[in-house]
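Chemist: Listed here are the chains, written in short residue letters.
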Amino acid sequence: MTILEHTAELEQALARLVAMSERDYYDPYTLFDWPASLPDDAYWMSPELMSVHGTKVGARLTEPQLRALSKWESINFYSLNVEGIRELITEVMMRIHTADFAVSSEYLHRMIGEENEHMWFFAKFCLDYGGKIYPDKSLRLPVADQSPLAAHFLVFARLLLFEEIVDYFNKPMGTDDRLHPTIQRINAIHHQDESRHVAFGRQVVALLHRRLREQASAEELAQLETYLKRYLRASVDGLVNPAAFRDAGIPDPYQARTEVLADEAFHEAERKMLKRSMAFLVSEGVFADDRMPRS
Amino acid sequence: MTDATTDDAMRIITDYLLAKQPGLTAIDPELDLIENRILDSLGFVNFLYVLEEQTGREIRMEDVTTEDFRTLTAIRKRFFA
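Those protein sequence lines, which keep their order, are chains A and B.
In the numbering used here, each residue's number is its place in the first sequence (first place is 1) plus 7.
In the numbering used here, each residue's number is its place in the second sequence (first place is 1) plus 19.
If we strip away everything but chain A, and leave its shape as in the complex, we get (with noise of 0.2 Å):
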């Protein structure tokens, strides 16, 4: 039996969304402006989205100073995507026209395309603005023992969450006025393309799990919550850089970053930010509650 099963409901699915990725088909290397600098005192990223927003450390920040730390915040989410991308690509290059996944091929090529293509937008907008790529600080280490299904799963779950908290940001940056034209265009065509992403992501993921529920152990799947539920974790933590504190000037980022992450406020906003997510992952069995551990 292969991991993804052809049935009529997924064929259909799958085909609707190849249609679509063909019609909002783009040029990204011709379709953006990308003036030779952007303004330095206005907002780069929506200040309901920045991580200081409703916190003491935002409260003691000046007007300057916040404008300077939506740059270099802003810098940050790119530079996630970055890296995210590249995880994601990797993966699925992986598993594209592989017997376990052959049904989707067709829409994976599309979605590999796509993906390929926020990456070199996102990179270009870091280094033309930003000058640099924040380097990715995480490390590779050993994990516990995994079947090839509960493998699979992870790795279409931490897509579909990792795509779903971009999306967060995504939606309201790209209609948003008080940030300029590029960044509102680069976050506008990324939710549109992540749309149809998501829209894969979750009907993947449900269909795997069903499967992992027929065959695992209720240890197993309590473990795979657990391993998620740290993933988002590490995830939203991930949005706050001490190095984007320093960079925008601000002193003690280290100690900034370990108030922010305290601070409810941040946490009030991460509920918001993963109520779409948890909601989904409740209702798919995936996960019995909508706890998250603590930073």
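Treat the hints as calculated values from the structure; they're not laboratory data.
Don't take each hint at face value.
What the hints assert, rightly or not - Have a look at the derived ranges for each label pair, beta carbon to beta carbon:
#	chain 1	residue 1	chain 2	residue 2	range
1	A	Pro35	B	Lys39	53 to 63 Å
2	A	Gln230	B	Ala100	34 to 44 Å
3	A	Pro35	B	Asp26	48 to 58 Å
4	B	Asp26	A	Ala43	43 to 53 Å
5	A	Arg301	B	Thr21	16 to 26 Å
6	A	Asp184	B	Lys96	49 to 59 Å
7	B	Pro48	A	Tyr261	21 to 31 Å
Claimed, not checked - BS3-like mimics (lysine-lysine), calculated; alpha carbons at most 30 Å apart, straight line:
#	chain 1	residue 1	chain 2	residue 2
8	A	Lys236	B	Lys39
9	B	Lys39	A	Lys144
10	A	Lys63	A	Lys144
11	A	Lys139	A	Lys63
12	A	Lys279	A	Lys63
13	A	Lys236	A	Lys63
14	A	Lys63	A	Lys131
15	B	Lys96	A	Lys144
16	B	Lys39	A	Lys63
17	B	Lys96	B	Lys39
18	A	Lys282	B	Lys96
19	A	Lys131	A	Lys178
20	B	Lys96	A	Lys279
The C-beta atom is built at its ideal place from N, Cα and C for all residues, glycine as well.
Once you have looked at the hints, place chain B on chain A.
Modeler: Just chain B, lined up with the frame of chain A:
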């Protein structure tokens, strides 16, 4: 960095790891942190920032290997020597 300052930094690092492991009250300096899942991929970045704060410098991932984080002794030797 003096021995006393390093001792303080290592205590903060150890306390951070212990806070994430409610079942533990102490960590042997030679205990394999990775094998024993005290340090894993998902908790690594937050740990690294604690380490950077204590060393006072940014750690470039291209300059380190898994072995640098294997034990408390290895961490002390690699980042505080």
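Chemist: When the hints from earlier in the document are held up against this structure, which numbers fail?
Modeler: 1, 5, 14, 18, 20
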